[in-house]
Amino acid sequence: MAAHDAHGHSEVGAHTQEAHIVPKRVYFLVFIALIILTWVTALVSRIDMGPWNIFVALFIAIIKASLVVFFFMHVWYGTRLTKMIVASGLFWLILLLFITMADLWTRNWMGVPGR
Amino acid sequence: MDSNIVVAEHAQAAHRAVRHHFESAEQQRDASTVGMWVFLVTEIMFFGGLFLAYFAYRHAYPTAFASASNKTDLWIGAANTTVLICSSLTMALAVHCAATSKRMLLVVFLCLTLVLGSVFLGVKGYQYHDKWVHHEIPGQNFHCEGCADATHTPLFFSLYFGMTGLHATHMIVGVGILLVLIFQSWQGRFDAAWHTPIENFGLYWHFVDIIWIFLFPLLYLIDRSGKGLS
Amino acid sequence: MITAPPPVEVEKNYINAEHGLKSWLLTQDHKLIALLYLISVTAFFFIGGLFAVFIRLQLATPTGAMFDSNTYNKVFTMHGIIMVFFFLIPSIPATLGNFLIPLMVGAKDLAFPRINLLSWYIYIAGGLFTLWVLFNGGVDTGWTFYTPFSSSYSNGYVIAAGLGIFINGFSSILTGLNFIVTIHRMRAPGLTWFRLPLFVWAHYATSVIMILGTPVIAVTLFLLVLERGLHIGFFDPAYGGDPVLFQHLFWFYSHPAVYIMILPSMGVVSEVISTFCSKKPFGYTFIAFSSVAIAVFGFLVWGHHLFVSSQSVYAGMVFSVLSYIVAIPSAIKVFNWTATMYKGSVRLTTPMLYSLGFIGLFTIGGLTGLFLACLGMDVHLTDTYFVIAHFHYVMVGGAIMGYLAGVHFWWPKMFGRMYPEGWSKLSAVIIFVGFNLTFFPQFILGYMGMPRRYAAYPAEFQVLNVLSSAGASILGLGYLIPFVYLIWSLKYGKPAGPNPWGATGLEWQTASPPPTENFEITPVVTTEAYEYSTEEVVHVG
Amino acid sequence: MFFTPKGLSFFPESASTIASHVDALYAFLVLTSAFFSLLIAFLVVFFAIKYRKREAPQLPPDTNIAGHGGGLILEIVWTVIPLGLSMIMFVWGASIFFTESRPPADSMEIYVTGKQWMWKIQHMEGAREINELHIPVNRDIRLTMTSEDVIHDFFVPAFRTKADVLPGKYTTEWFRPTKVGQYHIFCAEYCGTKHSGMIGTVFVMDQNDYDAWLAAGSGEGSMAEQGQALFNQLGCGNCHPSVVNNNNGRCPNLHGLFGTTVDIKDQPSVRADESYIRESILYPDAKIVAGYENIMPTFKGLISEEGLLKLVEYIKSLGPTSGTPTGAAPGAVQTTGSEPQTPQQRRMSPQAVQPPTAR
Ligand code: HEA
Ligand code: HEA
Ligand code: CUA
Ligand SMILES: [Cu+2]
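Those protein sequence lines, which keep their order, are chains D, A, P and Z.
Residue 1 is where the first sequence starts when you use the working numbering, and the numbers rise one by one after that.
Residue 116 is where the second sequence starts when you use the working numbering, and the numbers rise one by one after that.
Residue 346 is where the third sequence starts when you use the working numbering, and the numbers rise one by one after that.
Residue 887 is where the fourth sequence starts when you use the working numbering, and the numbers rise one by one after that.
In short, the hints are calculated from the structure, not lab data.
Be aware that one or more of the hints could be misleading.
Below, a sample of chain Z positions facing chain P; criterion: calculated Cβ distance under 10 Å [unchecked claim]:
{"hint": "1", "residue": "H907"}
{"hint": "2", "residue": "F933"}
{"hint": "3", "residue": "E986"}
{"hint": "4", "residue": "S987"}
{"hint": "5", "residue": "T1079"}
{"hint": "6", "residue": "I1085"}
{"hint": "7", "residue": "V1088"}
{"hint": "8", "residue": "F1089"}
{"hint": "9", "residue": "K1151"}
{"hint": "10", "residue": "F1185"}
What follows is a set of in silico ranges between Cβ atoms, one per label pair, in the way DEER data are often shown [said to hold, decoys possible]:
{"hint": "11", "chain 1": "Z", "residue 1": "F921", "chain 2": "P", "residue 2": "P765", "range": "34 to 40 Å"}
{"hint": "12", "chain 1": "A", "residue 1": "G261", "chain 2": "D", "residue 2": "W76", "range": "44 to 50 Å"}
{"hint": "13", "chain 1": "D", "residue 1": "W52", "chain 2": "A", "residue 2": "G261", "range": "55 to 61 Å"}
{"hint": "14", "chain 1": "D", "residue 1": "W76", "chain 2": "A", "residue 2": "T284", "range": "27 to 33 Å"}
Positions of the beta carbon are idealized from the N, C-alpha and C atoms, including for glycine.
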């Protein structure tokens, strides 16, 4: 949130809205990757990897989500502000999840019920 | 008066879609994009509460979650995920067409998105019906046939319905907005110079897609290897 | 006070621009919406205050002077819900913030005027739900809605109350969203981040909390409503659900929410102190960044409400130490305000009196927060009147004092009229005295062990309770006086002129009341905020 | 600290070992807070008087406290000093809390069940009471608590301690009373209509009086005995062996189970504590002991929380061993048949309660 994003004032006008039009090719590539990953995750789930299954599943999901965010949602080409907003959303989500889970994970460490 | 301000005259932007309190079309577009992203952040946190509940209970009752998850249909889930991803592609293409002023293609891609979204919802409805038939809806008649740790399986199904239900609600809202946008595109309201609604709706639609990208592995893919389930 | 410039001839301003009820209810002018909020928020304050009166009457005798315990439980629950969700959270942001942020950043309106109006309607809808609950017999869960009491055992209208707050949450979200976008994208040319008034910084931080926290309480209450309505057990121990998980979710929002309540007040106080010392606030950047720090760190400490809840000891320790960290930015602010007064030209106007009251009372409230953040101490103090005293010190002594300071400070701007100086100072003193008499005894009660939410109590607590009730009646009187004279001043007050206080800041550069579009011509900013410089002549444009 | 003319105290009685620590911490906090509050109040009032102006100054001064750069030093000073002080508060408070969280190993155990709106208390010797708690002075007392309905909180101001009492799980609270007398028990977590009526009295007695009180108690036998009766009545013994070295392969041997680590099928192993035993009775299929089948029926709805506590106490009385729960541990414990140790013996025995160890 630096001073630089105070909006430029002088340029006025009705020129093209999109600063950067993403080439269609990118969309198709991302799409193919998403489809492949969907089926990979479904198939991989049938292999017994013990506790690793969930990590693999989440890892693939994160890759897929990033592809959507960066390319379908244009964050890759977006302003710093957009990136910051996305990042803070994720950061706070992680705070919520991890801090609470940290409580649950450490619940029995004391060896005293309820402590 | 002690004035620290230099007041200067400024040219007003003259564009049909610029509202009176904005200085320029660019400022207006920027504002709505930022606004849309901020809104999506609130959506992340909104779903975040449910994800937290999910992780907490999966941590506490892994067996119950594994066996209840096996009650969902993996292949239908994967197929439906594919449908949703297709709709994301058509939506992305719709935005592209709006940005390049291709009116007819815009309408076509929006319609495709609408159809794919509806297919997704239909399949979801079918799956709900299936759960209903098998008494796998938490409540009075709940029953999890052959589940391990059956006492805790209602937690899984409560979350299953809570999460997919909230997701489906977002889809239904999206379908409603799509209908309006299709009509407006048909009328030729959007072009390269101004198509903010299309763009923002695209963001929304992709966001809903992302939620599903996480729901699918979390709800459908627990312990699918088939070991250790009685 | 400086003599006001000759009254502006009754020009078109935002109030008289249009007439009729419709022009109010359909307005998209942020200033009119702010007034709509002002009216509704005040109404809720008096409803909540009425319940406070009932609480204090009940507690005047050990056995309870007014109600049976069932009714009493509903009384304090409604008091808490109304005061927190329908008064204090929207109070400053939705009224003063709404009115001033566009003015302060030199914009014609907020970024999304229609959404702004929508947020008021959502607020009213949520409020109506809550009032419906009230008239149908209330709800008795405490404002915290802890499960499984709320989900399975309460005999009140939990679902309706939950929905009321759920709906209201969206109003808060939309307000925050509007502020964030406005502050990012609508600033006047030359108005860089570090030229922004501290009030705007405070509201930026507040909006961040609104955006990131409110959805979580919304989904939490949504789950609670589902659980109570359908008995499907998200938190129900009967299904293996964890009631402490509900508490985590609840406080993930509700702790940061206390900073939603205090940060705007801090913003007001920064403006007022700077103006009435005619001095740039000491440590501008530190005050600005401490607001942001509070907003961020405020999200890391919610578990300090769960020290005895059977949360893990280790989690408790982390939450405790982080609670101390989040106290530091508040300390920085207090010291900077004090330092601002050093060698200032201090004018003890009404807003200044309220602000000084704020500093003192917030300090006491904040420092007692440190008692509660202290693990070994909190085990004894939690759920006693010590907590009640702590949070009334920060919320009533802090936030409301700040709110009153702000209302008095910008009243001339909002309505173009001055209020009577004598009465307003008198009421400030009465409120200060009444407040301390009401809530100081509660610290002692708390350490003695009197639990909160008790409709009746052992006789040894009576003396202090009577003191507290006596104080509350003084306090109540103190709140009625401004209510009367502020309304009086709308008609009979002296005309104020554009800048009655000799303040800096863009909002003082336009007429009082401002025209609908705020500024005749878009301002261009060339200097820092709070430039009470001697070279004024040079800059007049 | 504060006294009214009538001698009414405005300070709570301090009647446990923890209480004096808490009071000392309180004194420190009060002093620090008083210092800062008075400092700020003094400065604000002083500046307001000293620099008071009636009019807005025409040429207002813009004065920094120490000229250029002085600001930064001050900012650092008033960041670091509060930070340092608050870390003292944190460490002090945390150390008290740590003590409060770990009951001494040979504490006397008492079981508490909260219910809207009463406290039901069971002593190991068998005595039961409602809204009253009789305990001997100068003994470590450990409460194991649960609730039948909503969340309650067992609060004894004179002992400066409290803990929430939750449905569906056990929580622990301990104290060591130091003064004979009667003290309030309050329910400190809002629990519904008669929350303010959920109060009681702790009677701290000297050992002789306490023994006499116990002796006059009920003839129902000790809690462990009652638990054993319930165990037999519910037919648990038909499957679960509860003597040394007896393993039928169908149900885990409960002898010497308590306090050991149990391997669970498909899940991380757990410590066999009160909560685990409770869960195993109510939700037998939640955690299946490795090597066993899921054949146990649930007893949910068949046993009250108080009954569960009796069963827990009975299983506890079967003693811990260092061996595996399922079998062998030959000769580790000398017990005669299925007869549980008497509570008296158990309290004396040093290994009665596994010393809690942080992992
Ligand atoms: C406006 C609202 C507001 C604010 C600003 C605060 C501020 C703080 N609060 Fe408070 N709090 C509430 C509203 C608020 N609180 C409410 C409503 C509850 C109860 C809810 C319920 O249960 O119903 C509560 C409860 C509450 C608890 C839980 C008590 C319990 O239930 O057991 C705790 C525990 O840590 C706590 C701590 C703090 C701390 C550390 C701060 C800090 O931010 C304070 C920081 C300020 C200062 C420290 C003062 C200024 C500093 C100096 C003058 C310098 C000297 C400083 C040092 C030496 C460090 N609060
Ligand atoms: C913004 C928040 C806010 C505000 C402003 C207040 C204001 C006051 N509060 Fe409240 N309070 C809470 C938030 C707030 N409170 C919360 C969150 C709780 C916890 C609830 C729970 O446990 O769930 C609580 C609980 C609470 C309790 C504890 C109840 C209990 O635990 O049993 C008490 C007891 O004294 C109390 C007293 C007061 C008093 C005397 C005021 C005074 O400041 C009020 C002064 C105002 C007036 C007196 C109104 C003035 C008007 C008139 C007098 C006119 C009369 C009206 C008409 C003719 C219409 N409050
Ligand atoms: Cu039990 Cu309050
Ligand atoms: Cu808090």
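Tested hints:
| no. | hint | in the structure |
| --- | --- | --- |
| 1 | H907 | 7 Å, holds |
| 2 | F933 | 4 Å, holds |
| 3 | E986 | 6 Å, holds |
| 4 | S987 | 5 Å, holds |
| 5 | T1079 | 5 Å, holds |
| 6 | I1085 | 8 Å, holds |
| 7 | V1088 | 12 Å, violated |
| 8 | F1089 | 16 Å, violated |
| 9 | K1151 | 18 Å, violated |
| 10 | F1185 | 14 Å, violated |
| 11 | Z/F921 x P/P765: 34 to 40 Å | 39 Å, holds |
| 12 | A/G261 x D/W76: 44 to 50 Å | 47 Å, holds |
| 13 | D/W52 x A/G261: 55 to 61 Å | 26 Å, violated |
| 14 | D/W76 x A/T284: 27 to 33 Å | 29 Å, holds |
When each numbered hint is compared with the structure, violations occur for hints 7, 8, 9, 10 and 13.
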